[in-house]
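Visitor: For reference, the chains in residue letters:
Protein chains: 2
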Amino acid sequence: MNKINLEEKLSLFSEHWTPKIIEELNDYQIKLVKIQGEFVWHEHENTDELFLVIEGKMKIEFEDHTMNLEAGEMCVVPKGVRHKPMADNECKVMLIEPRGVINTGEVKDNLTAENDVWI
Amino acid sequence: MNKINLEEKLSLFSEHWTPKIIEELNDYQIKLVKIQGEFVWHEHENTDELFLVIEGKMKIEFEDHTMNLEAGEMCVVPKGVRHKPMADNECKVMLIEPRGVINTGEVKDNLTAENDVWI
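First to last, the protein sequences are chains A and B. Going by the working numbering, the first sequence wraps up at 461, each residue one higher than the last. Going by the working numbering, the second sequence wraps up at 461, each residue one higher than the last.
Next comes chain A alone, as it looks inside the complex (with noise of 0.2 Å):
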């Protein structure tokens, strides 16, 4: 049984786009992002996945609106719905979803990241 430090874990690494889990509830896995720039159009075809913003600004484009969101500020992106994540500047993010869940969702990108990386 751990306690976290969100800034101490985010302070672990730099690269943008690579989910890291920081922990596991049952079988969903609480992980960190940073983010800048913009991410590919995809879909979770069989989960909702949670966005909390823990430091910056970050955009969710869905097909037909944009929602912005800021620290201390969340979303659900309901399974299936289209999304595609952005960020002016740098944004760091918590995400919540169900164990495996892969980041570019049905979308096989060079931002895929790898799976499962834990710090």
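Don't take every hint at face value.
One copy or two, either will do: identical chains are not told apart, so a pair holds if it fits within one copy or between any two.
Claimed, not checked - In silico DSS-like links for lysine-lysine, alpha-carbon gap of 30 Å or less:
#1 Lys421 - Lys450
#2 Lys434 - Lys401
#3 Lys450 - Lys434
Worth flagging that the hints you see were computed from the coordinates, not collected in a lab.
Since the structure of chain A is already known, use the hints to place chain B on it.
Guide: Structure of chain B alone, referenced to chain A:
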């Protein structure tokens, strides 16, 4: 699909030890709770439970040690592990656990909160 501002949601209630649901992630619920004083010893037989401190400081007593948590720190209490949350001063906490979890676990107490209360 809602954008959720944690501070705004926390402004909507003032009582202690009564978790409020702010969102669902598949069959999991994201809750906010304000705590002050001592909770009851209890455990959740079938699920882990995530505590993320949003503001303030709290402690979680376990049978063999005490964990101190402050804003930006989190802990997952494994299923079946007896614990007692407490806070000297008001502390604002995010909880994540499967839908339907009772705050006092197996214990029936005057701190047992009504379940499935959304804000």
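Visitor: Let me make sure I understand: some of the numbered hints might not hold for this structure. Which ones are they, in numerical order?
Guide: As far as the earlier hints go, not one is violated by this structure.
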